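Participant: With the hints as extra help, turn the sequences into a complete structure.
Read off the chains here:
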Amino acid sequence: MTEQLHQVTLTVNGVTRRGAVPARRLLADFLRRDLALTGTHLGCEHGVCGACTVLLDGVPVRSCLLFAVSADGHEVTTVEGCCQTSGDLGPVQQAFLECHGLQCGFCTPGFITTITAYLEENPKPTEEEAREAIGGNLCRCTGYQNIVAAVLRAAELKREREAPHA
Amino acid sequence: MKPPPVVYHGPDTLEEAVRLLAEHGAEAKVLAGGQSLVPMLNMRLTAPRRLVDVNRLDELAYVRSDRHGVRVGALARHADVERATHAFETVPLLRQAVRTVAHPTIRNRGTTVGSLVHADPAGEMPAVLALLDGEVLLRSERDGERTVAAADFFVGPMESACREDEVAVEAYFPRPAGRTGTDWRELSRRSGDYALCGVGTLVRVDDAGAVVAARAAYIAMGSVPQVVDLTEAAADGDWSAAAESAADQLDPEDDIHASAEYRRHLARVLTARSLKASYEAVAP
Ligand SMILES: Cc1cc2nc3c(=O)[nH]c(=O)nc-3n(C[C@H](O)[C@H](O)[C@H](O)COP(=O)(O)OP(=O)(O)OC[C@H]3O[C@@H](n4cnc5c(N)ncnc54)[C@H](O)[C@@H]3O)c2cc1C
Ligand code: FES
Ligand code: FES
Chain H
1 MTEQLHQVTL
11 TVNGVTRRGA
21 VPARRLLADF
31 LRRDLALTGT
41 HLGCEHGVCG
51 ACTVLLDGVP
61 VRSCLLFAVS
71 ADGHEVTTVE
81 GCCQTSGDLG
91 PVQQAFLECH
101 GLQCGFCTPG
111 FITTITAYLE
121 ENPKPTEEEA
131 REAIGGNLCR
141 CTGYQNIVAA
151 VLRAAELKRE
161 REAPHA
Chain B
1001 MKPPPVVYHG
1011 PDTLEEAVRL
1021 LAEHGAEAKV
1031 LAGGQSLVPM
1041 LNMRLTAPRR
1051 LVDVNRLDEL
1061 AYVRSDRHGV
1071 RVGALARHAD
1081 VERATHAFET
1091 VPLLRQAVRT
1101 VAHPTIRNRG
1111 TTVGSLVHAD
1121 PAGEMPAVLA
1131 LLDGEVLLRS
1141 ERDGERTVAA
1151 ADFFVGPMES
1161 ACREDEVAVE
1171 AYFPRPAGRT
1181 GTDWRELSRR
1191 SGDYALCGVG
1201 TLVRVDDAGA
1211 VVAARAAYIA
1221 MGSVPQVVDL
1231 TEAAADGDWS
1241 AAAESAADQL
1251 DPEDDIHASA
1261 EYRRHLARVL
1271 TARSLKASYE
1281 AVAP
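Heads up: the sequence lines are chains H and B, in that order.
So in the numbering used here, the last one in the first sequence is 166, and the numbering has no gaps at all.
So in the numbering used here, the last one in the second sequence is 1284, and the numbering has no gaps at all.
Because the hints were derived from the structure by calculation, they are not lab data.
All values derive from a computational prediction rather than experimental measurement.
Each hint should be verified, as a subset may be incorrect.
Said to hold, decoys possible - Calculated cross-link-like contacts (lysine to any residue; reagent style SDA-like; alpha-carbon spacing at most 20 Å): (1) B:K1002 - H:G43; (2) B:K1002 - H:H6; (3) B:K1002 - H:G87; (4) B:K1002 - H:G81; (5) B:K1002 - H:T85.
Facilitator: Rendered as structure tokens:
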């Protein structure tokens, strides 16, 4: 069967991107294959591991459970977009670096996107809340302690950077 | 894995969605939040010829409350239901239960109405609808609109009364009458996982604090939500005895996650705690 292609236009990390995709192309695969944004990782492909998490109109969603054609017209932020406008590391990325929040790095993109959105909603989480915030993301390497520390450090960095006198 | 080839329809209006299903219902599936359907497509457990994506039907992205209850449109995400303060004030059980559906990221996309149609025996929202005697509004070209009561809506595991030519348009969660407290609790292996056993309770008291009605609804304890009337068993406020009576009326099955006996034990423990919490929420 030759599959019908659908024209889609998305804003990815602030840039307008177009593509022609079969209906079954997952957003994750659209990002990785069509746009060569390989920061978004696919682990389980059924919603459980969280590695593929991206922001859809600012809200974390699983890009393995969303078709690119459904995301037509929307804004997507991937881990590549979680940096500063200068290209330097964003607060969450910086915190992961400082706190050793990653080892193999496979899970990291999903954590970075999830935490980036979370800190917008809750800029000053407690340790308990930080743990809860990452409850939907699996990491097989770190044991999570350093990721929890990174959430708290990221909140700190973000506050410092956003403070009016900084 | 990747999903199989499929023909995609992205209607902009409910009319169009209903018309597409009238034409293609037998070989089409409605795509709402995709948080249950897409995993099944990815694992190739299902392979519909067509998808009718309802995510552009903005007219159905609502959570509305009045003094009688809460109406949840088909495009309201679990997260919208969780956040809506008016819905929490009208029917607190909605927020109490929806918070235990999966993880926040899944709730950002998954719809409450979709989880009703999906009718997973371990799904929280079917039990909430059943406990409150709610209903689902369905629409098709053939029959126009029809309303199905919760008691008739959940037919079997992963099977609801929503026909293949129908769109589930709205769910209605009535506000319990009188002075009624509610509670939701469950046990799962990790936070956000499907529960091994979950229970919602409601307890109505009179002005003197005497129990005049008590009910419990269970998930993962049968092929559909199990609703048990505990008014008599809980009349004198002996929650353990009421929980014992509830557990006796349940007939859970063994599966890879838990044995039937363990599930019954959980039902006993959770029911006693839940009834107490419901009662204390409204006791004078
Ligand atoms: C990791 C993970 C954990 C989860 N944990 C839980 C949990 O603990 N508890 C829980 O309850 N759920 C859980 N879910 C499922 C989640 O709640 C889904 O959102 C929900 O079951 C289905 O809603 P949806 O909008 O995603 O529907 P979809 O996946 O789009 O559709 C599900 C089914 O319903 C049909 N359908 C959907 N909407 C309509 C409509 N309006 N009219 C007609 N048919 C329709 C579809 O055709 C399909 O057959 C989990 C999901 C994941 C991925
Ligand atoms: S790849 Fe999407 S959640 Fe695992
Ligand atoms: S760093 Fe290896 S899986 Fe998380």
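Participant: Hint by hint, say whether it matches the structure.
Facilitator: Now for the hints, and whether the structure bears them out:
| no. | hint | result |
| --- | --- | --- |
| 1 | B:K1002 - H:G43 | holds, 12 Å |
| 2 | B:K1002 - H:H6 | holds, 18 Å |
| 3 | B:K1002 - H:G87 | violated, 33 Å |
| 4 | B:K1002 - H:G81 | violated, 26 Å |
| 5 | B:K1002 - H:T85 | violated, 34 Å |
Hints 3, 4, 5 from the earlier list are contradicted by this structure; the remaining hints agree with it.
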